[in-house]
Amino acid sequence: MKPGPKVLVVDDEPQIVRALRINLTARGYQVLTAHDGAEALRAAADGKPDVVVLDLGLPDLDGNDVIAGLRGWTDVPIIVLSARQDSTDKVRALDAGADDYVTKPFGMDELLARLRAAVRRATVSSPGDAEAVVATASFTVDLAAKKVIKDGKEVHLTPTEWGMLEILVRNRGKLIAQKQLLQDVWGPQYRDESHYLRVYMAQLRRKLEPQPSRPRHLVTEPGMGYRFEA
Numbered sequence: 001m002k003p004g005p006k007v008l009v010v011d012d013e014p015q016i017v018r019a020l021r022i023n024l025t026a027r028g029y030q031v032l033t034a035h036d037g038a039e040a041l042r043a044a045a046d047g048k049p050d051v052v053v054l055d056l057g058l059p060d061l062d063g064n065d066v067i068a069g070l071r072g073w074t075d076v077p078i079i080v081l082s083a084r085q086d087s088t089d090k091v092r093a094l095d096a097g098a099d100d101y102v103t104k105p106f107g108m109d110e111l112l113a114r115l116r117a118a119v120r121r122a123t124v125s126s127p128g129d130a131e132a133v134v135a136t137a138s139f140t141v142d143l144a145a146k147k148v149i150k151d152g153k154e155v156h157l158t159p160t161e162w163g164m165l166e167i168l169v170r171n172r173g174k175l176i177a178q179k180q181l182l183q184d185v186w187g188p189q190y191r192d193e194s195h196y197l198r199v200y201m202a203q204l205r206r207k208l209e210p211q212p213s214r215p216r217h218l219v220t221e222p223g224m225g226y227r228f229e230a
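Counting from 1, position 128 in the sequence shown corresponds to residue 128 in UniProt numbering; the numbering is continuous, with no gaps.
Among these hints, one or two may not hold up.
In silico SDA-like cross-links for lysine to any residue, where the CA-CA straight-line distance does not exceed 20 Å [what the hints assert, rightly or not]:
#, residue 1, residue 2
1, K48, T33
2, K153, S138
3, K207, V133
4, K90, T103
5, K6, K147
6, K6, A19
7, K150, R172
8, K174, W162
9, K153, K174
10, K146, I167
11, K174, R198
12, K174, A137
13, K179, I167
14, K146, N64
15, K104, T88
16, K146, E209
17, K104, R120
18, K48, D99
19, K6, I79
20, K104, S82
21, K150, K104
22, K90, G57
23, K150, D99
24, K146, R206
25, K150, Q211
26, K153, R114
27, K150, E166
28, K6, A26
29, K207, T158
30, K150, R170
Hints listed in this document are in silico derivations from the structure and should not be mistaken for laboratory results.
Using the sequences provided together with the hints, build the complete structure.
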């Protein structure tokens, strides 16, 4: 028999994790569990779940930070399961990248229905996940943790530098047009400000490339855009 969809349950309440594991396993799901944000990001990277059920009130990270970490490299459906009922909390989670929001206490039948719907949508759209960790000969990019490691040390990047690098790494080997990169990082009103790209790309190369004047990984396609090569 073909294994059922794989669900990652992230919650620091043991009784909820146990209840979900029992109910999901009984219905043919494969169940992974995590009890804090860091463990959740590792489990997602290693286990490649088909859907994530995520509590926002975790002991180490806010659930929205976990969502952002996941969205750095995967389109896996995320269903928030939280005691936070304020509309502001729901909006923040959905804006961060969650696909659905269920409040505690919850009905198991409703949650199961939402799980089935999320898995169906994901199957139809067939999202392509990037690797969570992308290694080059010179540095390593951890898309989930939003970190770059070079020579065994973390490289400090500004939010703008990280934004550029993340887009390029997620589209490894693909040409990203200048206007598209400007719009994605700075916004639509900056689509013609190509000098921004030259300045920030030079900064990234100085921090990451072995020979910034002869880049191996952050490649310019003259007059067109940029490409990341591992």
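Status of each hint after checking the structure:
Pair hint K48 plus T33 holds up; C-alpha atoms about 12 Å apart against a cutoff of 20 Å. The straight-line distance between the Cα atoms of K153 and S138 is roughly 12 Å, inside the 20 Å bound, and the hint therefore holds. In summary, the hint linking K207 to V133 is supported, as the alpha carbons are separated by about 18 Å, within the 20 Å threshold. Of the pairs offered as hints, the one joining K90 and T103 holds, with about 9 Å between alpha carbons and a cut-off of 20 Å not exceeded.
For the given pair, K6 sits about 27 Å from K147 by alpha-carbon distance, which is inconsistent with the 20 Å threshold. Restraint check for K6 and A19: satisfied, since their Cα atoms lie roughly 16 Å apart, inside the 20 Å limit. Of the supplied pair hints, the one linking K150 and R172 holds, its CA atoms being roughly 19 Å apart against a limit of 20 Å. Only pairs whose Cα atoms come within 20 Å are accepted, and K174 paired with W162 is accepted, the gap being roughly 18 Å.
Taken as a hint, the K153 and K174 pair is broken in the structure, with Cα atoms around 28 Å apart against an allowance of 20 Å. Restraint check for K146 and I167: satisfied, since their Cα atoms lie roughly 12 Å apart, inside the 20 Å limit. Simply put, K174 and R198 have alpha-carbon atoms about 19 Å apart, close enough for the 20 Å limit, and the pair holds. For the given pair, K174 sits about 19 Å from A137 by alpha-carbon distance, which is consistent with the 20 Å threshold.
At roughly 13 Å between alpha-carbon atoms, K179 and I167 fall within 20 Å of each other, so this suggested pair holds. A distance of roughly 14 Å separates the Cα atoms of K146 and N64; the hinted pair therefore holds under the 20 Å criterion. Proposed proximity of K104 and T88 is supported: the alpha carbons are some 16 Å apart, at most 20 Å. Pair hint K146 plus E209 holds up; C-alpha atoms about 18 Å apart against a cutoff of 20 Å.
Restraint check for K104 and R120: not satisfied, since their Cα atoms lie roughly 24 Å apart, outside the 20 Å limit. Between K48 and D99, the direct Cα distance comes to roughly 17 Å. Compliance with the 20 Å bound is thereby established for this hinted pair. Between K6 and I79 the alpha-carbon distance is near 14 Å, which keeps this suggested pair within the 20 Å criterion. With a C-alpha separation of about 6 Å, the suggested pair K104 and S82 falls inside the 20 Å cut-off, and the hint holds.
Between K150 and K104, the direct Cα distance comes to roughly 43 Å. Violation of the 20 Å bound is thereby established for this hinted pair. With a CA separation close to 13 Å, the supplied pair K90 and G57 stays within the 20 Å bound. With a C-alpha separation of about 34 Å, the suggested pairing of K150 with D99 is violated against the 20 Å cut-off. Distance hint between K146 and R206 is fulfilled; the C-alpha atoms sit about 19 Å from each other, no more than 20 Å.
Among the hinted pairs, K150 with Q211 is consistent with the structure: their alpha-carbon atoms are about 14 Å apart, no more than 20 Å. Only pairs whose Cα atoms come within 20 Å are accepted, and K153 paired with R114 is rejected, the gap being roughly 42 Å. The suggested pairing of K150 with E166 holds, with an alpha-carbon distance near 16 Å, which does not exceed 20 Å. At most 20 Å may separate the alpha-carbon atoms for a hinted pair to count; K6 and A26 meet this at roughly 13 Å.
Under the criterion of a C-alpha separation no larger than 20 Å, the hint pairing K207 with T158 is consistent with the structure, at around 11 Å. This hinted pair checks out: K150 and R170 have alpha carbons roughly 19 Å apart, not beyond 20 Å.
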